[in-house]
Amino acid sequence: MDRNPRANAGWPKGKQVFTSKMSSGVPLTIERTINLYPLTNYTFGTKEPLYEKDSSVPARFQRMRDDFEKIGMRRSVEGVLIVHEHSLPHVLLLQLGTTFFKLPGGELNPGEDEVEGLKRLLTETLGRQDGGPMEWVVEDTIGNWWRPNFEPPQYPYTPAHITKPKEHKRLFLVQLPEKALFAVPRNYKLVAAPLFELYDNSAGYGPIISSLPQTLSRFNFLYN
Amino acid sequence: MGDGVDIDLYANLDEEFTQPEAEFTSHGDDLYDDVITAPSSSDPAEIHNKGDSSTSSTTLPTTSGFTGKKYMLYVGNLTWWTTDEDLSDAIVSIGVSDLLEVKFYENRANGQSKGFALVSVGSEASSRLIFEKLARKEFYGQAPQITPYSKQALSNFEAQARKGARPPFTPTGPPPGLPPHHVPPPRAGPPPRMPPNMMGMPPNRGPPQGPPRGPPPFGQRGPPPRPEWERPPGVGAVPGMPPGLPPPVSAAPHMGVPPPAPHVNPAFFPPPHSSAPPPGAIPPPIPNAADPYGRPPPTVYPDPYGRPPPSDRDRERDRERSREREREREPPAPALTEQEFEEIFQRNKTVSSSAINRAVSDASAGEFASAIETLVTAISLIKQSKIASDDRCKILISSLQDTLHGIEEKSYGSKSQPRRSRSRDRDRDRDRKERGRSHRSRSREREYRERSRDRERDRYHEDRHRERDRERDRERDREREYRRH
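Here the protein sequences line up with chains A and B, keeping their order.
Heads up: the first sequence runs through residues 1 to 224, numbered per my numbering.
Heads up: the second sequence runs through residues 1001 to 1485, numbered per my numbering.
Because the hints were derived from the structure by calculation, they are not lab data.
None of these values were measured; they are calculated from a predicted model.
Positions of the beta carbon are idealized from the N, C-alpha and C atoms, including for glycine.
Zero decoy hints are in this set.
Below, computed lysine-lysine pairings styled on DSBU-like, alpha-carbon distance capped at 30 Å: (1) A:K164 x B:K1137; (2) A:K164 x B:K1163; (3) B:K1349 x B:K1386; (4) B:K1069 x B:K1133; (5) A:K164 x B:K1069.
Pair ranges (Cβ atoms, derived): (6) B:S1361 x A:R63: 33 to 41 Å; (7) B:A1135 x A:E52: 42 to 50 Å; (8) B:N1110 x A:T43: 40 to 48 Å; (9) A:R65 x B:H1405: 22 to 30 Å; (10) B:E1409 x A:Q214: 41 to 49 Å; (11) A:N144 x B:E1132: 39 to 47 Å; (12) A:Y199 x B:V1360: 39 to 47 Å; (13) B:N1357 x A:R65: 33 to 41 Å; (14) A:D66 x B:S1353: 42 to 50 Å; (15) A:D67 x B:I1094: 28 to 36 Å; (16) A:D66 x B:V1360: 32 to 40 Å; (17) A:A59 x B:N1110: 21 to 29 Å.
Here are a few chain B residues that sit away from chain A, every Cβ distance over 10 Å (derived from the structure): (18) E1132; (19) I1146; (20) Q1339; (21) R1392.
Please put together the full structure from these sequences, using the hints given.
Dropping the structure here:
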């Protein structure tokens, strides 16, 4: 048995392996290989601003309460889009203002399929302006977070005394094509944050984004 | 009022991973507004509650639209796995038909229930009913403790939650003194769902694990050995050190060697006679060190737009501040001389008077959040000083608190002001953050936390929770130390 499948799977930077699935029959949950491409492979244009539904945080929570009464727990999805620079994964984050970052994604419509909803939201947020098709490949869940109350805290579990969490957020790994054109709403900037920047930095990026280095570490990234 | 507030302010040992996902706290004051504009702000009693960011409401029957008078009481002595539904079902089962809200108090850091909840009902009769009948119910083997809605009760519950020191995890093995791999027989309630040897958390609704939890009112919370991150009330002792000692920095060097943190391999610990602090200890102040925490220099990373990552700048600032803090940190001193005492007192006095001045001027400009922050920060600075227990400091604190209460009252009245747009909020936040920062430069909080923008914005809460925060930060610092070694 090959004790180090990475040795010939492009782990030392430079080697290139283009298969996206392991052919050896190792279950994907054991060895999950993801192709990454350099940031420079992607082109970023701009498009009209995309504003949040809520004008303030209280408004946001008020709408969450209202929606909760009408349609129940909010379901959110977010996409983790990864590129690499110097063979280090970088996560694409939308930056609003100077210190606020978020993953692309948003709220699902009632009954909407998670993956389809994520693709819709990604296209709304980053889709090219000419309406050309976007190739979002979504095959992996990265994590789940719950919001116990109509309040900011979210946890990667539902606290035991909570029977009705108010929001469930699921994060997905989104595999990018080798090259692509994105259009970024003008009120955002798209930044590629290296994992070391996020790691142990919940202060700067919040608990969810800052835990991505840990949750992404299960993947075998190929730096093409 | 001083003492009551004292407890109130520091009752919540939590908040570390609290930063809510950024987007929800991108306006610090908004978060804090959330709390302040909590329901029934017309009710004077609400004041006790408003600043407690760790209060989380679990609204079962929704209260929206309810305008009548609310009758509130606390239900405590609950296990952390007693659910909102358990409680509301029980309340309904004793005949209460106008239950409005069940609001659990939670550790903000991890969401865990503190074991007590605020219950609101729509009539006095229901309130009486709960007093009479709910106490006879049992939740997972424990009788609820029902108290009137009062600051005192809240303080008591908070103190219990703190002192009781529920362990952050239930030992998978037996509690001390029991044979290994033997779950104590349940005292009451359903049998455990977990096989005795199973590792992991206790079953959601199983009986309490650990030592049989007796009827003593505060008994539900964990075994006596106090986890190192639990801090004795009111003392900012280094985790793992006996309570009642001077604050961390001064204490560490001449304290002997504190026991290792649980996550540190004890093998790495130097023998106790070593004069150097162990890896697990808080590093001594390193004045002017490039970076006291051994972090790499900020890395400028290429982003698609060629801008430096914004956080670098922030972080740089934070680093500066933390250096500043290190410099300003009092040197370790076994006992305070008269002169040192006076020095610290003068400093506290300055902090107090400048905070009051600034707060008053902020408040008159309508910047209540900022004013409150300033005051809360000043209060905690003074409370953290070595002479906090001195009467003169207590006076400083109480005058700060008086000002704080005045401004808080006032801020209610201003809530009707229109919300600003996101972007303006943000700008203002930044602005406030800057000011807050300079003011906080003496804070002993760690860089880890300092660089938090969420925290910065969330300061109003944070100060109330900073104790726990510091504990956790210390752990982290230890971890860092450990990594470096």
